[in-house]
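S.K.: Given only the sequences and the hints, what does the whole structure look like? Please build it.
Position 72 (the sequence shown) corresponds to 71 in numbering that gives the first Met the number 0; numbering is contiguous.
Rather than coming from a laboratory, the hints here were simulated on the basis of the structure. Among the hints, erroneous ones may be present.
[Unchecked claim] No farther apart than 27 Å at their CA atoms in a straight line, the calculated lysine-lysine pairs in the DSS-like style are these: (1) 46 <-> 64; (2) 46 <-> 71; (3) 111 <-> 94; (4) 64 <-> 84.
[As the list claims (entries may be wrong)] Pair ranges (Cβ atoms, derived): (5) 86 <-> 36: 22 to 32 Å; (6) 109 <-> 130: 34 to 44 Å; (7) 51 <-> 107: 18 to 28 Å; (8) 125 <-> 36: 35 to 45 Å; (9) 70 <-> 107: 10 to 20 Å; (10) 71 <-> 125: 33 to 43 Å; (11) 51 <-> 129: 18 to 28 Å; (12) 74 <-> 36: 22 to 32 Å; (13) 72 <-> 129: 37 to 47 Å; (14) 36 <-> 59: 30 to 40 Å; (15) 86 <-> 114: 33 to 43 Å.
Nothing here was measured: the structure is a model prediction, and the numbers come from that model. C-beta atoms are modelled at their ideal positions from N, C-alpha and C, and glycine is treated no differently.
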Amino acid sequence: MRFSTAVALLSACLAPAVAVNDDHEVPGGSPLRFCDGPVVKDFVDIKSVELDPKFPEAGNNLTIKARGTVHKDIVDGAYVRINVKWGLITLLNSKQDLCEQTSHIDLKCPIKAGDMSLEKTVQLPGAIPDGTYHVMADVYSQDDEHVTCLTASMTFNGQGLFGNIEL
0 MRFSTAVALL SACLAPAVAV NDDHEVPGGS PLRFCDGPVV KDFVDIKSVE
50 LDPKFPEAGN NLTIKARGTV HKDIVDGAYV RINVKWGLIT LLNSKQDLCE
100 QTSHIDLKCP IKAGDMSLEK TVQLPGAIPD GTYHVMADVY SQDDEHVTCL
150 TASMTFNGQG LFGNIEL
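M.R.: And the structure:
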């Protein structure tokens, strides 16, 4: 599974329920940020999203850890709009069934209310083209209620490392 898809899916399951702070950073030191604009406060409360290693290398494993509290059940029909760009080039722009996608991180719908801790290890591709990648995951409930919007930008340099993490 691509890093960007894994981050989007983990983030979608632990969407923020707190007001956005001035810098929009998601707790935990990852490149994830809350999108600009209002944040819905009644689905889930994200506690942290962490990457290990903090500066992943192409061809190596990356472990993504996320913790939070789900306040409302997430049921079949919920969806995520995922957009991935490499510089100005759109690599992926699609609406995906959230419950179908969460099966990639070992979750099944309905996702019941309560505390949640997720951990997923992904193998990064051996060759990642240099450039800045922008990922956005905009999540909605089965009733089209806005759950959250998360974004991340990361730059890979010639060694396949996260160079400057642009937030």
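S.K.: Is the gap between the beta carbons of residue 71 and residue 125 within 33 to 43 Å?
M.R.: Hint holds: Cβ distance 40 Å, inside 33 to 43 Å.
S.K.: With 18 to 28 Å as the target window, see if residue 51 and residue 129 comply at their CB atoms.
M.R.: holds, 23 Å
S.K.: Below or equal to 27 Å on CA atoms is what counts here, so check residue 111 against residue 94.
M.R.: Given that 27 Å is the threshold and the Cα spacing comes to 23 Å, the pair holds.
S.K.: Taking only the CA atoms, is the gap from residue 46 to residue 71 under or equal to 27 Å?
M.R.: This hinted pair holds, its Cα atoms lying about 16 Å apart.
S.K.: Within 27 Å, alpha carbon to alpha carbon, are residue 64 and residue 84?
M.R.: holds, 23 Å
S.K.: What's the verdict on residue 46 and residue 64, does the C-alpha distance respect the 27 Å limit or exceed it?
M.R.: The given pair, whose Cα atoms are some 11 Å apart, holds under the 27 Å limit.
S.K.: Is 37 to 47 Å right for how far apart the beta carbons of residue 72 and residue 129 are?
M.R.: At roughly 42 Å between Cβ atoms, residue 129 and residue 72 fall inside 37 to 47 Å, so the hint holds.
S.K.: Per the hint of 10 to 20 Å, is the separation of the Cβ atoms of residue 70 and residue 107 within bounds?
M.R.: Given range 10 to 20 Å: holds, Cβ gap about 19 Å.
S.K.: Measuring from beta carbon to beta carbon, are residue 86 and residue 36 in 22 to 32 Å?
M.R.: Taking Cβ atoms as reference, residue 86 and residue 36 lie about 24 Å apart, which means the hint holds.
S.K.: Go ahead and decide if the range 34 to 44 Å is satisfied by the Cβ distance of residue 109 to residue 130.
M.R.: With Cβ atoms ~38 Å apart, the hint holds.
S.K.: Quick one: are residue 86 and residue 114 within 33 to 43 Å, going by C-beta?
M.R.: holds, 39 Å
S.K.: Go ahead and decide if the range 18 to 28 Å is satisfied by the Cβ distance of residue 51 to residue 107.
M.R.: Once the Cβ atoms are compared, 25 Å apart, the range 18 to 28 Å for residue 107 and residue 51 holds.
Consistency note: the structure conflicts with none of the earlier hints.
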